[in-house]
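A.B. asks: As a plain string of letters, each chain reads:
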Amino acid sequence: MAERRGVSRRTFLKTAGVGAAATTVAGAGARAASPAVLGPDPVALALKVNGEARTVTVEPRVTLLRALRNHLDLTGAKEICERGSCGGCTVLLDGQPVASCLMLAADAEGRELTTVEGLGSPEHLSPLQAAFVECDALQCGFCTPGFVVSGTALLRRNPHPTLEEVKDGLAGNVCRCGTYPRVFEAVLKAAAAAPAAKRRS
Amino acid sequence: MAEQEKPPAPAPPTQTFTVKAGHASAPHTMEVHAAEGDIAPWDLDSRLRLVKGRHPRLEAPLKVTGRAKYTYDIGLPGMLWARMVRAPLPAAEIVAIDTSRAQALPGVKAVWTTESRKVRFQGQDIAAVAAVSPEVAEDAARLIKVTYDERPYVTDLKKAMEDGAPLVYDTGELPADADESLKKTRRSGNVVGPRERRNGLRGDVDAGLLAADVRVEATYEVPVHTHVPLETHGVIARWEGDQLTIWASTQGVGTVQEGMAEYLGIDRKNVTVITEHMGGGFGSKLHPSAEGSAFAGICCKLAKQAGAPVKLMLHRQEQHLCAGNAPSALMTLRLGAKKDGTLTGVHFRSFGSAGIADGAGSGGPASALYGDCPNLKIEEHDVFTNAGPAAPLRAPGHPQGAFGLESAMDELAHALGMDPLELRRKNETSPVRRIQYDVGAAAIGWARRNRVPGQAEGAPPGSRPAGRLRGLGMANGNWYVFARGAGVFAEVKIHRDGSVELFQGSQDIGTGLRTALAIVVAEELGIAVRDVTVRIGDTRFPAGVSSGGSNTTNSVAPAVRLAAHEALQKLKADTGLTQITSLKQAAARMKGEMISATAERKKQYETYRGDLAGTQFVEVEVDADTGTVRVVKMVAVNDCGFPINALTAESQVIGAMIQGVSWALFENRVMDRNVGTMVNPNIESYKVLGAKDMFEAVPILTEIANAGNNTSAAGLGEPCLVPTLAAVANAVFNATGVRIRELPLTPDKVLAGLRRRA
Numbered sequence: 001m002a003e004r005r006g007v008s009r010r011t012f013l014k015t016a017g018v019g020a021a022a023t024t025v026a027g028a029g030a031r032a033a034s035p036a037v038l039g040p041d042p043v044a045l046a047l048k049v050n051g052e053a054r055t056v057t058v059e060p061r062v063t064l065l066r067a068l069r070n071h072l073d074l075t076g077a078k079e080i081c082e083r084g085s086c087g088g089c090t091v092l093l094d095g096q097p098v099a100s101c102l103m104l105a106a107d108a109e110g111r112e113l114t115t116v117e118g119l120g121s122p123e124h125l126s127p128l129q130a131a132f133v134e135c136d137a138l139q140c141g142f143c144t145p146g147f148v149v150s151g152t153a154l155l156r157r158n159p160h161p162t163l164e165e166v167k168d169g170l171a172g173n174v175c176r177c178g179t180y181p182r183v184f185e186a187v188l189k190a191a192a193a194a195p196a197a198k199r200r201s
Numbered sequence: 202m203a204e205q206e207k208p209p210a211p212a213p214p215t216q217t218f219t220v221k222a223g224h225a226s227a228p229h230t231m232e233v234h235a236a237e238g239d240i241a242p243w244d245l246d247s248r249l250r251l252v253k254g255r256h257p258r259l260e261a262p263l264k265v266t267g268r269a270k271y272t273y274d275i276g277l278p279g280m281l282w283a284r285m286v287r288a289p290l291p292a293a294e295i296v297a298i299d300t301s302r303a304q305a306l307p308g309v310k311a312v313w314t315t316e317s318r319k320v321r322f323q324g325q326d327i328a329a330v331a332a333v334s335p336e337v338a339e340d341a342a343r344l345i346k347v348t349y350d351e352r353p354y355v356t357d358l359k360k361a362m363e364d365g366a367p368l369v370y371d372t373g374e375l376p377a378d379a380d381e382s383l384k385k386t387r388r389s390g391n392v393v394g395p396r397e398r399r400n401g402l403r404g405d406v407d408a409g410l411l412a413a414d415v416r417v418e419a420t421y422e423v424p425v426h427t428h429v430p431l432e433t434h435g436v437i438a439r440w441e442g443d444q445l446t447i448w449a450s451t452q453g454v455g456t457v458q459e460g461m462a463e464y465l466g467i468d469r470k471n472v473t474v475i476t477e478h479m480g481g482g483f484g485s486k487l488h489p490s491a492e493g494s495a496f497a498g499i500c501c502k503l504a505k506q507a508g509a510p511v512k513l514m515l516h517r518q519e520q521h522l523c524a525g526n527a528p529s530a531l532m533t534l535r536l537g538a539k540k541d542g543t544l545t546g547v548h549f550r551s552f553g554s555a556g557i558a559d560g561a562g563s564g565g566p567a568s569a570l571y572g573d574c575p576n577l578k579i580e581e582h583d584v585f586t587n588a589g590p591a592a593p594l595r596a597p598g599h600p601q602g603a604f605g606l607e608s609a610m611d612e613l614a615h616a617l618g619m620d621p622l623e624l625r626r627k628n629e630t631s632p633v634r635r636i637q638y639d640v641g642a643a644a645i646g647w648a649r650r651n652r653v654p655g656q657a658e659g660a661p662p663g664s665r666p667a668g669r670l671r672g673l674g675m676a677n678g679n680w681y682v683f684a685r686g687a688g689v690f691a692e693v694k695i696h697r698d699g700s701v702e703l704f705q706g707s708q709d710i711g712t713g714l715r716t717a718l719a720i721v722v723a724e725e726l727g728i729a730v731r732d733v734t735v736r737i738g739d740t741r742f743p744a745g746v747s748s749g750g751s752n753t754t755n756s757v758a759p760a761v762r763l764a765a766h767e768a769l770q771k772l773k774a775d776t777g778l779t780q781i782t783s784l785k786q787a788a789a790r791m792k793g794e795m796i797s798a799t800a801e802r803k804k805q806y807e808t809y810r811g812d813l814a815g816t817q818f819v820e821v822e823v824d825a826d827t828g829t830v831r832v833v834k835m836v837a838v839n840d841c842g843f844p845i846n847a848l849t850a851e852s853q854v855i856g857a858m859i860q861g862v863s864w865a866l867f868e869n870r871v872m873d874r875n876v877g878t879m880v881n882p883n884i885e886s887y888k889v890l891g892a893k894d895m896f897e898a899v900p901i902l903t904e905i906a907n908a909g910n911n912t913s914a915a916g917l918g919e920p921c922l923v924p925t926l927a928a929v930a931n932a933v934f935n936a937t938g939v940r941i942r943e944l945p946l947t948p949d950k951v952l953a954g955l956r957r958r959a
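If you read the sequences in order, they're chains A and B. If you count the first sequence from 1, position 128 lands on 128 in this note's numbering, and the numbers rise without skipping. If you count the second sequence from 1, position 341 lands on 542 in this note's numbering, and the numbers rise without skipping.
Take the hints with a grain of salt, since some may be wrong.
As the list claims (entries may be wrong) - Here are the simulated lysine-lysine pairs, DSSO-like style, with alpha carbons at most 27 Å apart:
1) B:Lys834 - A:Lys189
2) B:Lys893 - A:Lys189
3) B:Lys888 - B:Lys360
Stated by the list, open to error - Derived coverage of chain A by chain B (criterion: at least 3 residues anywhere in the stretch with Cβ under 8 Å from a Cβ of chain B; other residues may be distant):
4) 61–70
5) 84–92
6) 98–111
7) 115–121
8) 124–132
9) 138–148
No wet-lab data here; the hints were simulated from the structure. Bear in mind that the values here come from a model prediction, so they are computed numbers and not experimental data. Each residue gets a CB set at the ideal place from its N, CA and C atoms; glycine is no exception.
The whole structure should be built from the sequences, with the hints applied where relevant.
C.D. replies: Have a look at this one:
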C-alpha cells in the first residue's frame, strides 16, 4: 500500500500511547506532567472536513474513521476490516489517501480531510463518480466509496494512467462482489475525458 | 431457498400461450399454460424497448458519493452499541460467566448471556453488551469473564473421519436444527451418510465402469471458504411499545421478520424489517441472524432491556467464525467411457464438512450434467467438525462438485487422447450449452491450447517446462430455475401528475434488483427507467422473496410486470382512453388522485429449459520458477433466461468469475491444528483476489426466451460461479502437465508437481 503515506504506524502508536496506555500505566501523575496528554475522557477536536470546520468530542482513542462515521454522520468511509487491509475507509488527508481506521481522530487535527462526500453529490457527481455510474463500477457498493477516493487520488497524482498504473493505484482496495474490471474502466474513462491541460504535476 | 416448481399438473383455469422460446439462433415454438389473469410472456418475437438493454443502477449516484445508508451506516437518536463475546475455544463446557465487572462499567446499559453450557466451535455466542459507544461496549466485552472446561475437539475433515476422533455430537445427539433426513441417515462417529438425494442413482455404475474402454479415478479436495461480505452481518433494533423495527443487513427482510417474531415470541405484524441498501451476502445472509449466531435476536433483547435502540454489527473476525462459510469437499470420482468418449459410468463419492451443521453435499453437477450417461451413483457424506456452521454460498456445493467432476472429465479426456471440449460435446444434453461451446471456444481461441499438456507449440518434445507456461482450460456448470409461483406481490401506483411508484418488499443485495424492476415497469408503461421510483426492502411493502437460489428476479419481476399492466388497464378504463402514448398526459385526465394496482405472481409454467447452462474457458500463465499461477483471460458463457438488465447481469458474471478465481488460487480457511481456532479470520491472510490479480474477464450472456413466467427471466447470480474452479485447474494442467487435485492452486503445489514431472 505505497499510496497510504499520510500517517505512519509509528505516529499511530505514539498517539494511542499518549491517549490510552499512558493513562493506565503511568497514571494521572504522568498526565499532569505533560501538557500534550489527551484523555482518557472525551476531548474536543477541531477537524477540517470537506472544507468545513467541524468539532467532535471523542475519547482520544477514537479512530478517525469512527469519528467521521459515528460523530459527524459521514458514513461514506466504511468500517470493513478495521486493520488497513481493505481500503474501504480511505479518505484524503492533505490530499493523500489514508486508511482512516488506522489513524486516530486526534491526529487529524490541523489537517485537510476529504471524504467521499466531499468529492461530489448525487446531483453533482465528480467526473470519476459519473464514470463509476455509467460503467456499473459497483455491485453492492459497499467498497465503492473507498475505490472512488483511491481512484481520485490516483488521477490527481497521475491524470493519465495506464491500466497497470490503475491496478497499482487501487491495489489497497478490496471488492468482494468482483467489480474490479469495471472500476478500472471507470478510472480510465474519467482520465480520458479529462483535458490534457488539466494535468497536475 | 424456494422449491423448484414441478411441472404443473392439470389444474384450475389456464390460458394457453404460444411462445417463440429458446435461443434466437434456434427458435423453438412451444405452448405454455399460464394461470388466468397472467399476460403473455416476453419471447423472441417481443419488441422490447428497455428489457435486455444496458441501464446504470438507479441508486448508483447515492453509492458513489457515500450517501447510500446501509444498515452499518444508520444511526438513531439515543442509539446504543452492542458488542458480543464469543467462545475462544473449539470445544468446552461453560463453567461460569461473570458479567459483574462489565455491568458495573459506566455507560453499559444491557447485558445478555447464553443459556447454553456447551461450546462446539470457536466463535459461538457467549455474551453481549450494549453501551453508549462502540468503545465502551468493547471495554465491557473484555470485562466479561468466562470460565471454560476445555474438551477434545476436531477441526480437520480427515481427522474427524477417523475412528476414535473426538465426537462433535455425542452418540444420540444431533444439531439442534436437524431435519428428518439427517435424523434417519446412518451415522458413524462424526460421519453421516450417504445422504438421501434426488437423481443420485441411475443404472449400475460398477457395470458401467466395467464396460468402459477407459477409466479414471481420482480424489479432489476443496477447502472451506468464507463469504467475506464487506458489510458484516448486523442489525439495529428499535422498540416503540410492542412495535419492533429492525434495520438489517440481510438477503431476506421477510426471513428476519419471521425469525425474530419466532425468537421473541411476538406477532409478525409487530415486526418491521428494512433493508434499503445491502453490502453483500453471497448466501450468508439468508438466516434471520446467522447460521452460527443469534445476534439479531440478541440485539432485539438488548434493546428491550436497555429501553433504547441498539446497533449490533459483527466485526470482521466474527464474520469469519460464526456467520457462515462454504463446506469443504473431499471427492472421489470414478468415470468410464467408450473410446469415442461416450460416458458409461459416473461415480461421485464425497465427504465434506459444514462444521457443526450438515449441508456439505456436492453431488449436484454430477447429478445434472451429462444426463445421458446410463449409470450414475452419487454418495454424499456430511462430516461434523468443531467449526462454525456453513451457510449457502453462491450455488451451494456446486463449485466444489464441479471442481471434482469437471477435473475428472478433463483427466478422462486426456486418458482418451481427446480434446476436453469434444468430450463434453459428445456427452452434452443441453442445446443451450451446445451453443455456448461454440461461442466460448471462439472467444478464448480454444485452438491455441497445448495439444500436449505442458508442451508449448514448437517446444522440443519432452523438454522440461521452464519460464512462463501458458495453457487453456474449460469446464461446465449447472444450476436450476427456482421461482416462487405464488405469494409474491407488487404494487404500482400512477399518480395524477404522471409520477410512478413501485412497491415491492424484496431487497437489492447488490444484484441490481431495484433497477431491473424499474425497467420492467417502464417497459410496460412506456416510460423511461428513471421515471420509476422503486421502493423496496421493507416488510411493509407487498411481500417479496428471500434472495437465494438465484430466484429473486424471476420470482418478483413477473408480479411487477403484471401490476404495471393492471395499473395501465385501470388508467385506460378510468380515462376512457384506448391508447396511451403519453402516460403523463393520460394521468392528468384520471378522475382521482392516484391509480393503484397490486398483483400477485401467477404460477410458474412450462419453461424452455428447467436448468441453467454455463460453460467457462480460461487461459492461465504459470511461472515455472516460482509456481505462481496467474489467470490471463476468462470467458464465461451463461444462460439466465432474458437478462432484464444486461449491464448489471454482466457485472454479476464478472463478479462470479473473480470470486471463483479467488477460490481457485487463494482462498482457504486455515485452522490451527494445535488449538482448533481459525488462523486467518481477516481479509489479508484470508486472501481474496485484488486489483493486481485481475485478468481479462469476458462475460457472455446467452439470451434464452425461457418462458415459465411473463418476463422469461430465469436466474443468474449463482450458476456463473459453478465452472470456475475446475476451469482454472484444467488450464493449469494444460499449461504445465501437472494435475493439481487440491485447492487452492498455490505455488507450493505447482512447484511440487513440476518437480515430480521433471
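A.B. asks: Could you run down the list of hints and mark each one as holding or not?
C.D. replies: Right, here's what the structure says about each hint:
Between the alpha carbons of lysine 834 (chain B) and lysine 189 (chain A) the distance comes to roughly 21 Å, so the proposed pair stays at or under 27 Å and holds. With a CA separation close to 19 Å, the supplied pair lysine 893 (chain B) and lysine 189 (chain A) stays within the 27 Å bound. Between lysine 888 (chain B) and lysine 360 (chain B), the direct Cα distance comes to roughly 25 Å. Compliance with the 27 Å bound is thereby established for this hinted pair. Only when three residues or more bring their CB closer than 8 Å to a CB of chain B does the claim for the stretch 61–70 of chain A stand; here the count is 5, and the claim holds.
Counting residues of the stretch 84–92 of chain A whose CB falls under 8 Å from any CB of chain B gives 3; the rule of at least 3 is met. Evaluation of the coverage hint for the stretch 98–111 of chain A: breached, as 0 residues show C-beta separations to chain B shorter than 8 Å, against a requirement of three. Coverage of a stretch by a chain is defined here by at least three residues with a beta carbon nearer than 8 Å to that chain's beta carbons; for the stretch 115–121 of chain A and chain B the count is 6, and the condition holds. For the stretch 124–132 of chain A, the stated coverage by chain B holds: 3 residues have a C-beta nearer than 8 Å to a C-beta of that chain, and at least 3 were required.
For the stretch 138–148 of chain A, the stated coverage by chain B holds: 9 residues have a C-beta nearer than 8 Å to a C-beta of that chain, and at least 3 were required.
Hint compliance for this structure: hint 6 alone is broken.
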